[in-house]
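Q: With chain H fixed as given, assemble chains D, S and Z onto it according to the hints.
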Amino acid sequence: MRALEAIPVVVETLDAETGVVPALLRELDDALQGLLDRGTHHLIDLSTMPMSAADRRALEQALGTGELTMELAALGRSQIRETSFPGVWWVRHQDPQGRTLAEHVEVAIVPEIAQAHASDIERGRRRLGTLIGRQTSGRGT
Amino acid sequence: MTQGRNPTILEVFQQQGLSRRAFLQFCAATASLLALPAVRAAELPAKLGAMPRPTVIYLSFQECTGCLESLTRSFSPTIENLIFNTISLDYNDTLQAASGDAAEAAREDAMRKAAGKYVLIVDGAIPRLQDGAYCVIGGKSALDSLRHAAEGAAAVVAVGTCAAFGGIPYAAPNPTGAVPVQDLVGNRPVINISGCPPIPEVITGTIVYFLSFGVPELDVHRRPLMFYGNTIHDRCYRRPFYDKGLFAKTFDDEGARNGWCLYELGCKGPVTYNACATTKWNNGTSFPIESGHGCLGCSEPNFWDGGGFYRPLSSGFWHGNVGAELGGAVAAGAIIGAASAYAARHRQKATSGDK
Amino acid sequence: MDLLNIARGPALQWSLVVFAVGVVWRLAGILLLARKPDYTEPRSTNTWGGAVRMIVSRTWSKREFLDRTAFAQTIGYVFHIGLAIVVFGFVPHILFIRSLTGLGWPGLPSGIIYVTGALTLAALAAALVRRLTNPVLRLLSNVDDYFSWLVTVAPVATGLVAVAHLGARYETLLAVHIFSVCLLLAWLPFGKLMHSFLVFISRGTTGALLARKGASI
Amino acid sequence: MSEAALPPLETTGPRFGIKKPEQRHDMQGDMSDNERIAIAMRHFVRDFGAVAATWMESCVHCGMCAEACHFYVQTGDPKYTPIWKIEPFKQAYKREISPFSFFIRALNLKPKVTADELEQWQELIYDSCTMCGRCTMICPMGIDIAALVGLARHGMNKAGLVPHELWAAAQRAEQEGSPLGATAKVFQERVEWMGDEAEVEMHMNLDEADVLVTMSSIEIQKYPQSIAAVAKVLNHLGMRWTFRSDGYEATNFGLLSGNADWQKDMSMKLIDAAIRCKAKLLLLPECGHAYSAMRWAGANAYGKPLPFKVRHISEFLGEHIADGSLRVKKGLDTTVTFHDPCQVARRGGVFDPPRVALEALGAEVREMKDNRGMSWCCGGGGGVISIHRADELRYKAFEIKMRQVDETRAEKLVVSCANCRLSFDDSQKHFHWDKTAQSLLELVADNLAD
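Chains as they are written, first to last, in the numbering used here: chain H, 855 to 995; chain D, 14 to 368; chain S, 1376 to 1592; chain Z, 46 to 495.
The shape of chain H in the complex, shown without the other chains (with noise of 0.2 Å):
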């Protein structure tokens, strides 16, 4: 089917600012002061947003990077990174294959996803106490 490549698909992207990480910026800084006051989380969704690559690029230079980055591998991949601003974290989700399933901005103390589950930790507990019976029951309890 070499002839199919042959056709270049030529789409026009718009690669201009929208104007629209100053707004997040804003929503952001009244996010952190909701989380110092009342601890209250917020998550914004960037894949649903009607971003250019221009913007993301502006979004990801005026955050930075933070001290810490976490790598989930779970169901897929995820990359959870904090940004130079300490509440502030960027939570990029992929599937197997490596595709951007969803990108947040989180508002928290640590992102939810990272912080492990009292039903994981209760099923980890149990794992636990089967392994610790095997080591007494092998000297003989």
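Errors might be hidden in some of the hints.
What the hints assert, rightly or not - Okay, derived cross-link-like pairs now, DSS-like style, lysine-lysine, Cα gap no bigger than 27 Å in a straight line:
#1 Z:157 x S:1588
#2 S:1411 x Z:474
#3 D:362 x Z:157
#4 Z:157 x S:1437
#5 Z:349 x S:1411
#6 D:60 x D:130
#7 Z:354 x S:1411
As the list claims (entries may be wrong) - Label pairs and their calculated CB-CB ranges:
#8 H:939 x D:304: 13 to 21 Å
#9 D:358 x S:1521: 57 to 65 Å
#10 Z:409 x S:1525: 53 to 61 Å
#11 S:1421 x Z:291: 34 to 42 Å
#12 D:59 x H:873: 28 to 36 Å
#13 S:1541 x D:318: 22 to 30 Å
#14 D:114 x H:951: 37 to 45 Å
#15 D:231 x H:990: 56 to 64 Å
Claimed, not checked - Here are a few chain Z residues that sit away from chain S, every Cβ distance over 12 Å (derived from the structure):
#16 143
#17 246
#18 317
If you're looking for bench data, these hints aren't it; they were derived computationally from the structure. Given the structure is predicted, the values throughout are model-derived calculations rather than measurements. Even glycine gets a Cβ: it sits at the ideal position worked out from N, Cα and C.
A: For chains D, S and Z alone, coordinates are given in the frame of chain H:
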């Protein structure tokens, strides 16, 4: 395992060795797919997680299994597949191993157990003539099994244009008297997910939305507005060419090569509502127009009888031979005209008699 | 979608049939009336030349009349030429004509069509205002004038609304647009819009008669 | 009807015509209104051929014809819009003859025309329309409105709705051969008198001649010098010509009043006379509607092509000067402006011959702003000059012509139509204007080369 009730979706995830974080990843992906507003997206994990794993009955009638193929995405274990696991698909005569009476008994049992709460997915149109004799499964006609299944369903999801609007079986001359689901099911909410086939993410996304938040906002054809709110034309990346008046005249001319608008090659984008231009197909790879072919309008009623896939949308839509009819009209006009002129002359002669 | 299918299918088909019957009926009804021979000695026998000359020359006012007719005539030409550009320049229209006759030609960018459509609408509105305010026109005008105006404006207005997707769903707007075209086609032969045909016949006839006498055209 | 019973004439003053009646009778016959309407519509409908029908169907109510009509332009009254003048007749056409007439009658889409509507329209069809055809020049649909008004007058005439003076003049013409009392006897006496007065050889009632010369009553009664002038010219050309007392009156009040039968009678008189004397040319005098009646309608009254040519005197003079057979001297070395009579120029197609003649006489022709086919009407044509009721309106219309003549600052004003001369003379007295309209024929006759 908690006895006595169906496990919640979160528990199903965990039973498969997946952590809550995996579930959160799944919720984030689905929320962005459904373009849920921030408030709803935050609620999704809690709502979906706590949902007891719903029973799903998938009945196939006059269909080509294209929708199922699309739904199961047999060639790549993607996020949709997992959705597929989170819902307890208790009956699907194509996928399940069981068959014959055992399978039917299992279905009846599942329906009885989750009476009033299970989700009924219907694929394919339902023939009515000879009271459903054209489609009989296990001795029961499609007509009867749909009515019976719909009784206990929390909602009926008609997947594919056949189930939603009748599709191919419904197209002229419709020998079997096929009708869409919505013509038969009156007392249960019906959600149409039209398309031939529909986009996989649209099917699963709608089901997830329904599980979490109930029946989504529907358009005039009962299709979820979050996927069927805009026409392909309004979201098409080739729209600037339409506005500039640059059109491909054939499938391999300079216009086609430059990716110009396919309006002249019969694209039905302007009158077709679907998410192809945004969500796209095959994991966001492309959609019909992007790969050089006009939209067929497959998510709209009667698209099979829409006057030809390669005739431009604005061309006439004639029944019968235009030339002959207009010729006949001209002849008729001439005769009536001549008659009126003759009558007029006659009136004139009548007056010229007297002084 | 079925409203649209009715509009672009049977409705359009029947209105074209009515259009064809009506136009030929009216023309035949006029042209087949008695024609008296003229035995006088002609000053010129180039009557066809006179006919063509009048058809061409009457498209624009003579110098002596221009200062009194320029405004009205300009409005007239803005919407006549505007209608021509929109109807014959917009690609979907061209494709419709091609589906009917097989004839096709390259179209204009849609942007230009939208601007022209708006200008046409404005000119038609100005024409109506003039018809309602000018004493001569108020005296002359009857139901046919106002209804024919409405029937001409409707396709332009509904066309622009359809293109801009204002209000209802696109297919409903498109259906309304096509129905308005059906109304125009069906009404044309029975009202003042018949001048689209009669203008050539009337100017030609008079041009020929005057040329025969060598009188001014 | 004896001499005394005929309507009285006004013989003194600038305008020779029917005397202004104390009591106007603008309705003839004692028919009831319904009868009047019925006859009017029947006879109106009878005239309609494909051409008139095309015109009746083509009007788009654009109102531009008003901008060309001197009566509307000067008064601004919308009722003088040319196409409005035939509105009742359009109604009748639509009801009786149009392609959809059956439905229009059945559904009564166009109401029947009423008697008082017709009476109201008399002023529009006669007083305020000289049938000059200027509206025909502007109509974007090419409708010959002047011709339609002519047709409309047939219906009005049958309905007995002709203005008093026009009916009186037409009656005199039908009965005694001339609208203004120029009977055959009076004509012969005048010819003899002019023959002696101007020492010109006159020919009356020859059995055979090449040219049959006709005159208009206006010239016979008010401008008799024209009789001598035409005789001088023809003798100078050495042509075999004659007057005929059995066919001399070129004016046609049948046409002006709308009486088709009388129009035919009057035309046939001239045609028969021309045939009797085996003429090759019927020479029409300085008169406008005479040209329309004979040149462009004579053959149709006769029913087949005429065995002789028909020429207007100004056309005749121009052609013979141009081909050198008529030699004149440059006795008119001054600035001149020429008024084109509507029926001869715009409607008749005679533009250049008068100018050839004037230039041959050494005059510097200064054209008016609107001239030739676009010339403004003198306001008196189409019988309007004879209707006293229309005088105010006619004077208003004349103001345009007066202004355009003055604008040329030409020293002399020349015209080639006796009816126009009446209108110019009458208006000159009314406006105390310094210009007097002069006859082209008389100027040529006074400047023949020796």
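Q: Look at each hint and say if it fits the structure.
A: Each hint tested on the structure:
1. Z:157 x S:1588: violated, 36 Å
2. S:1411 x Z:474: violated, 44 Å
3. D:362 x Z:157: Judged against 27 Å, a Cα distance of about 21 Å means the pair holds.
4. Z:157 x S:1437: With Cα atoms ~37 Å apart, residue 157 of chain Z and residue 1437 of chain S exceed 27 Å; violated.
5. Z:349 x S:1411: Distance of about 12 Å is within 27 Å: holds.
6. D:60 x D:130: holds, 16 Å
7. Z:354 x S:1411: holds, 21 Å
8. H:939 x D:304: 13 to 21 Å: violated, 43 Å
9. D:358 x S:1521: 57 to 65 Å: violated, 33 Å
10. Z:409 x S:1525: 53 to 61 Å: With Cβ atoms ~57 Å apart, the hint holds.
11. S:1421 x Z:291: 34 to 42 Å: holds, 38 Å
12. D:59 x H:873: 28 to 36 Å: holds, 34 Å
13. S:1541 x D:318: 22 to 30 Å: Distance hint for residue 1541 of chain S, residue 318 of chain D holds at roughly 29 Å.
14. D:114 x H:951: 37 to 45 Å: holds, 42 Å
15. D:231 x H:990: 56 to 64 Å: holds, 60 Å
16. 143: violated, 7 Å
17. 246: holds, 30 Å
18. 317: Check passes; 16 Å lies beyond 12 Å.
Hints 1, 2, 4, 8, 9 and 16 from the list above are not met by this structure, while the remaining hints are.
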